[in-house]
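Following the hints, position chain B against chain A.
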Amino acid sequence: MHFNAIGIPAFILCVFNFSSIYADSWSVTQSVTTSNPLLLNQHNATGSTIQSVNLINLDQSSGVVSHAEQTLNAGGNNVSLIMLGSENSYQSVNYLAASEVVSATQNATNINEAVLRQIGGSNNVQAINVTKATGGLGVQISNLTQTVSANTLTLDYQGTGSGNIQAGNFIEADSISTTPGAVTQNFVVTTLNYTQSGTNNLQAGNVVIKSSASSTGSVTQNFTAGNVNANFSEIDPLTGSIKAANYYAERP
Amino acid sequence: MTCIKTLLLLLPLMAFCNATYADSWTITQSTSATSSSTTILQEGSSAGAVQAVNSINLNGLNSTVNDGSSQQFNGGENNLTLRQHNGTTSSIQAINRVYAHTINGLTQGARLVGGPQNLTFDQASNIGNSNTQSLNDATTSVTGTINKLAQSVLDTATVTMQMTQSAGTQNVQAGNLIKTGELSSTSGDVSQTVRIGIVKQVQSNTSQSIQSGNALVTLGGSTATGGTLTQSFEGSSFGFLGFTFTQTSVSNSVQARNYAGEAL
Chain A
8 MHFNAIGIPA FILCVFNFSS IYADSWSVTQ SVTTSNPLLL NQHNATGSTI
58 QSVNLINLDQ SSGVVSHAEQ TLNAGGNNVS LIMLGSENSY QSVNYLAASE
108 VVSATQNATN INEAVLRQIG GSNNVQAINV TKATGGLGVQ ISNLTQTVSA
158 NTLTLDYQGT GSGNIQAGNF IEADSISTTP GAVTQNFVVT TLNYTQSGTN
208 NLQAGNVVIK SSASSTGSVT QNFTAGNVNA NFSEIDPLTG SIKAANYYAE
258 RP
Chain B
4 MTCIKTLLLL LPLMAFCNAT YADSWTITQS TSATSSSTTI LQEGSSAGAV
54 QAVNSINLNG LNSTVNDGSS QQFNGGENNL TLRQHNGTTS SIQAINRVYA
104 HTINGLTQGA RLVGGPQNLT FDQASNIGNS NTQSLNDATT SVTGTINKLA
154 QSVLDTATVT MQMTQSAGTQ NVQAGNLIKT GELSSTSGDV SQTVRIGIVK
204 QVQSNTSQSI QSGNALVTLG GSTATGGTLT QSFEGSSFGF LGFTFTQTSV
254 SNSVQARNYA GEAL
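Protein chains in written order, with the numbering used here: chain A, 8 to 259; chain B, 4 to 267.
Partial pick of chain B residues on the chain A-facing surface, computed with a CB cut under 7 Å:
hint: 1; residue: Leu232
hint: 2; residue: Glu237
hint: 3; residue: Ala263
Taking CB as the label site, the calculated pair distances span:
hint: 4; chain 1: A; residue 1: Leu144; chain 2: B; residue 2: Glu80; range: 53 to 61 Å
hint: 5; chain 1: A; residue 1: Ala256; chain 2: B; residue 2: Ala266; range: 33 to 41 Å
hint: 6; chain 1: A; residue 1: Asn234; chain 2: B; residue 2: Ser39; range: 54 to 62 Å
hint: 7; chain 1: B; residue 1: Val53; chain 2: A; residue 2: Leu144; range: 35 to 43 Å
hint: 8; chain 1: B; residue 1: Thr84; chain 2: A; residue 2: Thr116; range: 31 to 39 Å
hint: 9; chain 1: B; residue 1: Ser38; chain 2: A; residue 2: Arg258; range: 58 to 66 Å
hint: 10; chain 1: B; residue 1: Val116; chain 2: A; residue 2: Thr116; range: 28 to 36 Å
hint: 11; chain 1: A; residue 1: Asn95; chain 2: B; residue 2: Ser40; range: 38 to 46 Å
hint: 12; chain 1: B; residue 1: Asn121; chain 2: A; residue 2: Ser225; range: 47 to 55 Å
hint: 13; chain 1: A; residue 1: Ser110; chain 2: B; residue 2: Ala25; range: 32 to 40 Å
hint: 14; chain 1: A; residue 1: Ser225; chain 2: B; residue 2: Ala266; range: 32 to 40 Å
hint: 15; chain 1: B; residue 1: Ser39; chain 2: A; residue 2: Ser169; range: 51 to 59 Å
hint: 16; chain 1: B; residue 1: Arg198; chain 2: A; residue 2: Thr227; range: 33 to 41 Å
It should be emphasised that the hints constitute simulated quantities derived from the structure, not laboratory data.
Quick caveat, the model's predicted, so the values are computed rather than measured.
Every residue, glycine too, gets a C-beta built ideally from N, C-alpha and C.
Next comes chain B alone, as it looks inside the complex:
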């Protein structure tokens, strides 16, 4: 009798203990691609596809990325192009990407410095719906949490972010991208930083689409928990023929340097 009672008392505790150690990882990823240009291409009927240089892809139920984890990309003095078009739907392109339930400590860095290189985000005509492009992407499941994360983009390049679309909706482009429903409530635990040269942002014929240097896209709507985020964007040179932000014939779309809010 006492034995069963004790077991019943312990069951919830055991469940907690198990969760603490389930699918828990400390990961260090580093990629250097400094000898030639990099192009990442998604086209045709890609659906639900993920392309990333450094990728951590854990389960959405109980996985944990432990404090001390890191994803770094050094592109040197070369061009870097991300391109999605021709019917791609619900697909993801990133340089550093993590997907997990809980992120307890991760640094994501993307660096292109030294020369007059071009960094291009391109979501072109005939793209499908619900695609994302970013350099650093940290996404949790809807019930997941980010307790500590630092994302940074350091770039002396000419950056072009273009969404020149014909029919796609709910597409996202960002330098640093976070998608979650809960962040640490402590100031400084979660931050996004962009330090960059010349930036040109173009949105044309988009609907419900988001384009921003730093972006938090909240998950879960009114059931999201919330949290604290610091976003910083420093432009050493904003002007490119004077046209830095351009929206043409768009519907319910947003363009920003720092964005925090719901998906559209």
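One chain only, chain A, in its complex shape:
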């Protein structure tokens, strides 16, 4: 009789414990449409401040994105991201951060002219699409497609700061699926302009940042541009700054 009395609650506890396997796992669809220009201004932000049209920001050690869709349809309008004097901060159209991304799509389409401009400041990231998954213990990004399509994209850094990244698509992770095509970056523009100063700054169409040489994964980076306006060199020996079409390496 005592066994029965204890046995039933114990069984019920077991059932409830199963649900914790799926803890902190979210499926989110975000969409924004606009019929006018979009302007994001950030001045003197610090401490991982984020300004983004669509924004998913889960716990970096436990949060799981089981599925995410983030979409901006710019309706043929201009999109401007302007940063002045920020430190360690972000500006983007679609931003996704979690410990693990099982499946996600980030789309920014129908943009006429996109301008990503930073004046001063250090260690910031400006990108149309941002995905960060650095906390998970297993495969951190299993499936992800990022797409940017615009008539003109201008990447412009002015000032003496360092460690900044400007990109169309940006991924930061150490363990990415090894299945070819599972993680894909698509960058399609008619005209791409690069202007750059400072030191150890990176500008590129597609960027994947890993933290060490032992990071693993397979990423497909597609870069299409009709006209590229830059004094193009892979690495500037004087400043350590980089202009690239596709970049997959540690932070400069």
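Here is chain B on its own, set in the frame of chain A:
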């Protein structure tokens, strides 16, 4: 003997049966304020205060909002202002607000259409910490669940969301706000929609603060269960002198049209 045994077997079942019918409500609330402008003000030393036009406030342990419940606000062609300042802490302002353990089916709607009116969210200087402002607010206790919810803001107005603060932290402003640790896993059961005219968002001198058209703020950290959410923001006109998003001298804060994530 058999009787006691049967009773012991039934006890857990009885507990379940009781929970199903405990504090369970179907509620319909509708407010129309179309003849003049509305201003909702929290100031001074307000702490833990709640201001709402339509309010459902149940217990966090076992209460249920039944499917078919509704909260609606029609502001017509008038101005609507929510304002918190001067030391207000841990306080809440909303047009439609629900707090419960379980939400099984609720529609929240806030509507301002017809004229050139202004909708203003204002968290001003000298505000305290941990305040929220929203039009639709659905909050559960940490262990609670939302199984079905549709929040919508329909507005042809000029919308200004401003956080011009001096020292406050962990303040939140949103058109539609959900705070919970668990949502239905079925796509379409929980949605947030904003259809709006002109929007201007300003954050100045904030820390750990969230400002967004639609926002899900997850409760419980790593112990949250999770779920499925659809957020949609449609702007018929985004531009206001070109400055649509502005952050100045902020720290660890976020500004978005759609936000899903933890509190900062």
